[in-house]
Amino acid sequence: MNKKTSKDLILNARGQLIGRYGQAILVMIVALILTWLVGSFADLAYTGTFSSYIFRFIILIIIDLLLGVLVFGEERYFLNLARGTQGLSPADLFYGIKNSTDKAICLQVVYTVVTVISTIPSIYLSFFAVLTEKQAVTAGLLVRLFALILILVVKMFFGLCFYVLADRPELSVKEIFAESNRLMTGNRLKFVFLVLRMIPYIILGCFAFFIGILWPMAIYQTALANFYLDTIGEEPYNPLWQKEPEGTDTPQNLI
Amino acid sequence: MDRYLYEELRLNMVRRARNFAVASLSCSIIMFTFPPLAIVLGFFAILFAFLSKGYRVKMDKEAVTAVKFALAGIVIGCGIFFAYTYRFATDEEYRNAIVSSADSAYGETYKDLYGVTPSEIINKYFGGDADE
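Just so you know, the sequences run in chain order X and D. The working numbering numbers the first residue of the first sequence as 81 and each following residue consecutively. The working numbering numbers the first residue of the second sequence as 199 and each following residue consecutively.
None of the hints are false.
Each computed EDC-like pair below joins lysine to aspartate or glutamate, with the alpha-carbon atoms no more than 16 Å apart: (1) D/322 / X/213; (2) X/83 / X/314; (3) D/251 / X/88.
Distance ranges between label pairs, derived from CB positions: (4) X/125 / D/212: 51 to 57 Å; (5) X/115 / D/269: 33 to 39 Å; (6) X/216 / D/230: 39 to 45 Å.
It is worth saying that the hints were derived from the structure and are not from the lab. Every residue, glycine too, gets a C-beta built ideally from N, C-alpha and C.
Construct the entire structure; sequences and hints are all you get.
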């Protein structure tokens, strides 16, 4: 129990995805397109003034909260994939629309708050600071780095909350956060190693015209689901890790 | 699980993983026949080669060959790209020829579209003695 290293988790994720990359990538693309499509409606409210920017920002926050439903569906899909559930379908992405909708939205609040906090510096730089071109580029990169670190830190505490919701929907939101934090205790370093181990894959995907990033992202999501299974002490799906049956080399009589 | 099913499952997984190795090798061969996409296809080949490992720690022979081809292709592709970029930045005649052919192809001049000429951009960022 709880012995797998981050390398094992990625290796396991890679194996589980063999033959299922197409569907997993389809799920991620649908989620991405829906996020982009819904988010682009907020741009209609932006007319260039500060007030319209704030209005657009508020709409984006509401949309981000509602998209928690999709995040829940996506993470549940990858959890089922890691468990080797038969009959998985891309429609599982929309599982959260009918089930535990309110809790999924409440869990998304944490990530929305992080997004808001990480956006504050960029709002300040856009409207209240006068920067040269080079300074603006540097500031933009620093703001993005700050946002990434912030999200990583939050994930180190509440990164498993959607998996907990998928497994135990009877828990309240507060209990889910507490459970996620409990599971992450003692595994935070492993989680960071898992993220760090994925960086070369993601860089490779970026160089492959950014389309290549879809495969590493599928591996990352599945590895994260494996990480969750590892923290709760459940063996993930891996037919090749089962004990090889003893007997002759010839197939047995199935009757 | 009986032995027959176990072997069937294992073979099936290896077969499916090998598809990635074949895709990787295909990418690395195509990249040599279509140089403009050499760098992108090279990285695709390396990515697919890694994916072909599946549950295993080591890669297939095809995937290893594909990685070698891909690395060679990326190096050659980057070399060609930098050589052309260097020539574009330093050779005035070559730059003018490229810009004029692009202008005639699009029907509008680069200056009309972006307000500056490539020479002005090069002067702004890298200095040098590029023509106005």
